[in-house]
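> Here the protein sequences come in this chain order: F and D.
Position one of the first sequence corresponds to residue 1 (the numbering used here), numbered consecutively onward.
Position one of the second sequence corresponds to residue 1 (the numbering used here), numbered consecutively onward.
Hints in this document: simulated from the structure, not taken from any laboratory.
Just so you know, nobody snuck in bad clues.
Intra- or inter-copy, both count: the list cannot distinguish identical chains.
Straight-line Cα separation of at most 27 Å, DSS-like style, residue types lysine-lysine; simulated pairs: (1) Lys597 <-> Lys504; (2) Lys203 <-> Lys238; (3) Lys492 <-> Lys264; (4) Lys560 <-> Lys585; (5) Lys492 <-> Lys612.
Listed below, chain by chain, are the residues.
Number of protein chains: 2
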Amino acid sequence: LCHIRGEIFHMSDTLNQALKQVQANILLSTTQAGTGHVTSSLSAAHIMTALFFTNFKFNQNDPHDLRNDRLIFSKGHASPLYFSLYRACGLITQDELMTFRKFGSRIEGHPSSAFPFCECLTGSLGQGVSIAVGEAIALKKQGSNARVYCLLGDSELAEGSCYEAFNSAVYNNLDNLIYIVDFNRLGQRGVTQLEHNTELLSKRLASFGLEVFKLENGNNLNECLNTLHYLEFSTSAKPKVIIAKTRKGYGVSFLDDQEGFHGKALNKEDCNKALKELGSVDMKAIFQTLQLEREELSKTNLPFKRQYPDDNKKTFQSFVWQSSLANLSTRQAYGAYLDSLVHKNPSLMVLDAEMSNSTYTDIVSKNHPANFLEMFIAEQNMISVATGLAKLRYVPFCSTFAAFLSRAYDQIRMAQYADCCLNIAGSHCGISIGPDGPSQMALEDIAMFRSLHNSWIFYPCDSVSTCKIIDLMAQRSFKEAGINYLRLTRDKGQDVYTNEQIFKVGGSNLLTQWQDITVLTAGITVFEALEVNKILPITVIDMYSIKPLDLDRLEEVSSKCKQVIVLEDHHQEGGLYEAIMATKKLQIPVYSMSVDKLPKSGSKEDVMRYCKIDKDGLLEMITRIY
Amino acid sequence: LCHIRGEIFHMSDTLNQALKQVQANILLSTTQAGTGHVTSSLSAAHIMTALFFTNFKFNQNDPHDLRNDRLIFSKGHASPLYFSLYRACGLITQDELMTFRKFGSRIEGHPSSAFPFCECLTGSLGQGVSIAVGEAIALKKQGSNARVYCLLGDSELAEGSCYEAFNSAVYNNLDNLIYIVDFNRLGQRGVTQLEHNTELLSKRLASFGLEVFKLENGNNLNECLNTLHYLEFSTSAKPKVIIAKTRKGYGVSFLDDQEGFHGKALNKEDCNKALKELGSVDMKAIFQTLQLEREELSKTNLPFKRQYPDDNKKTFQSFVWQSSLANLSTRQAYGAYLDSLVHKNPSLMVLDAEMSNSTYTDIVSKNHPANFLEMFIAEQNMISVATGLAKLRYVPFCSTFAAFLSRAYDQIRMAQYADCCLNIAGSHCGISIGPDGPSQMALEDIAMFRSLHNSWIFYPCDSVSTCKIIDLMAQRSFKEAGINYLRLTRDKGQDVYTNEQIFKVGGSNLLTQWQDITVLTAGITVFEALEVNKILPITVIDMYSIKPLDLDRLEEVSSKCKQVIVLEDHHQEGGLYEAIMATKKLQIPVYSMSVDKLPKSGSKEDVMRYCKIDKDGLLEMITRIY
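Turn these sequences into a full structure, and let the hints steer you where they fit.
The structure is reproduced here in structure tokens:
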């Protein structure tokens, strides 16, 4: 790639012009919007302009071209810089750039999927660092030589999830992943903990196994170009990081290295003062030259083997039921069934946070290692890596204990906005896990996932329903964006259903005759209700689809029964009872039975009895309301 | 402390006996329970026994003695080791130890507050590492010379939050904090990413600023004692870490360094085989000797200056309203009012995740730096540090953007079980923040906090209510355990109330005359409803206390009105509407107006109009149902 250096020297005047335009547009777009992060954009303007017009390659006509390098601004608040770069290469008009942060614009406050070349929404720091790992893995698996470039800030390095990502990048030998740290010394409210200690940061990042490139003056275009040039000669299998020592607000004298300007747009007067300092700026011509050169580059220098999992996109292969799946626990069924699905659907990727012998995804890791990613105990990174994979059209299934998914709630929350589909399984839910005690008991997970836009939640009680629901989740992944959550139980298995049973999104199953009292429940408590039914006839309905709910069924219950009990191994708030009450479909008395005290260690039976969500508790409630 | 070395040599036979007893009890307690983590306990038995009976000092008669060193098992699954140590010093009887993991026992699956010497529940990895930081800060602030010892695993080092904690420990110069890494090479399902690379791990931890002590054979009692001895000579202000290279299952030949035994108790036969390998074990005599020696130590070697914030415990000083607080935004009121409270209540600690110029806690940082902790952008660590502070009787108030509290949901979840009180403020909630876009918009925060046991949630609309509610939260902190959440808005302030208004936990305020249609709302949408009331008379009720709810008020609404609209800047699921519906108090039609589509960047007005939670949307709804 030596010719790039040739280009660089040839281009350096033009690049200087591009830089000036980018700097000017950072100022103009934010002042026009009256909001935005000027200084955080200016600090990284040099290195990112240099990168964007040299090493970074992409097909300007097709954001989905697999040969495209990917650009992720994990410090998403540098959006004025991000959009100014795409303005400079002609993909955004000057008029559109001036709609920055206006309602309905593609040029949002943080780069988002509204702009087609954006990989996904960032703005919650640290997450782009992990999404980049997912995309780099996906590109390698697809045989693309493309790279992922990810810009992050130094304040951002306080987020622990960054170090999860670095570990993961190194473990997966992602030599196609290049991080750029905009090391500008200042955070939102003052000096960062690292200050400007390049030496310490270098040692730290090297100790995670990254190949470190130090860029002592990140606000000098030639030094930036040199570092990017050296990068091309790296032959190590390590992911790389450029530590670019920069100054926040560089390029405008009264912003340069000053505190107190984070996230503030200049008023018109100050903006004009700043623009004057930049001198004359060519607002049009620059990109045209560069665009042409770039297209030449992309034609000649990208050997490429197409292996897009997209090929499976419309042909999801459902697995056929096998008797070996009968009477497995729901978590065993999860691993075993995924293993079969992966066999027929190579775009499925199974991720697990060092729990694969508990979630039974170790079956996949043994039989289909290429479709399994060991994520170690780093749940945040697991979810964002899955987002990265999904953005490049893999179908991720992530698993760990349901309780520990709370560790990644911010990442899951952000996945709402990523315009892709994630499948997430939480095993060992509820108090029924028993001896391990409260730290391992998920009692908030349904609330967590229900509160997300466009989420589906399933809570199967047996092996048959688990397998059939996984099918529903996988099918959605091939069609639309959304977050699918599967709640799994630790307890041993016992099939309620035969393979003929139909399961659907927004479905439920009547498990008994109709009686005056109906118990609406799901998962492990289905068995408690069925036990009670042996003593005292009640209607038991398996509400396996918690979101969306079976509204027709609720109307049916309302017309056929006199009283309803909602029984669940979850806190009341945000759980099945509240979901049902929100529908306003039940016109008869409804009672809630849920976990309403702090649980303890103990046997499953003891703990369920203590919290009164077992058969005895249910019987007591029925006797009371009868 | 040189005499300790003298003691060591004197004690080494006894220590050997203690170690044997600890090893035996790890086996016995787990086999008896039929569950538990044998191998993860055995690996750390040597270093922890050595520590427990030499450097570690505490008053066996009083877990609350401020002179006590603190012992945190962040790898909480090594609970068999933890409890066996306390067994060896006589604080647990042999009989009680055999109730491990039984329902009702103090000897729970993971060490928990049920056992009085336990700092707090662990079991979600990485969190003890941060709680230790909080306790070390608290001890220093209180003038105690005591230390915090924290055991963590190598698998655990995959959790990013560990690195947040290390940063925080170094930033706060916690030379009284000693981490011990049980570097046993094996995780739950196989080899860890670090394998046994002591060199790499040393470099990594040193690069965060920790003083590293390498212990090459952590399963050799003498080497353990030597390392602990050297530790005593450290004069640096750095937090310390011992990297103890160990073998999982060490001490039992068929478990030693073997995969496949994580979290598995031995059956009786294997247990007997293992015990035989240990040879003769004295199950009684050991601790008596050691206990005596320890008491001597604690009497002679702990200079101590008592400055317990406990002194404020029952005398919370509420602040008097000042006109300077009038018409502040709720977030401004938060900072300004806390500043006044801190002045009168020195046990208040204000923590902020590098957002203090947005949450206005920078006022506290300037005026009362001793009561302010800069936590940088590391929300997970912030919450667990707050837990540590609260365990040593400080009253923490944590703040950041509400959206980013989702980053710490696991830590907040675990705080339910920590038997202490946390105050958490989330600013910039909801879509009304506008231009920054969806990544910064908290739309799940009410659901998140509602679903916790014993949580309170407040959502004030103006400065007066914010200040008065902070009083309610602080008062609770001085009395009982719980999690208090305060939802704050970005928008400018406009007082609805005068200082005479009364606010209470589970209260609400009627802001208009009674009409047929009632709008139940809180926070920013109160103003939208009041605007509508100017055009079309409606009842507007400020439901500032979202949990607990004002049930009497709901009954009153039900009797006085014909229809109800619940209006909120939050997703419907888990929010105010569902909270209200769950009460079953409203016997009249109820309509929900909430954020039910993906928001975008834009002005506050544009985004609220788009999601139809503004006055126009409300007017449209009223016209429709009228």
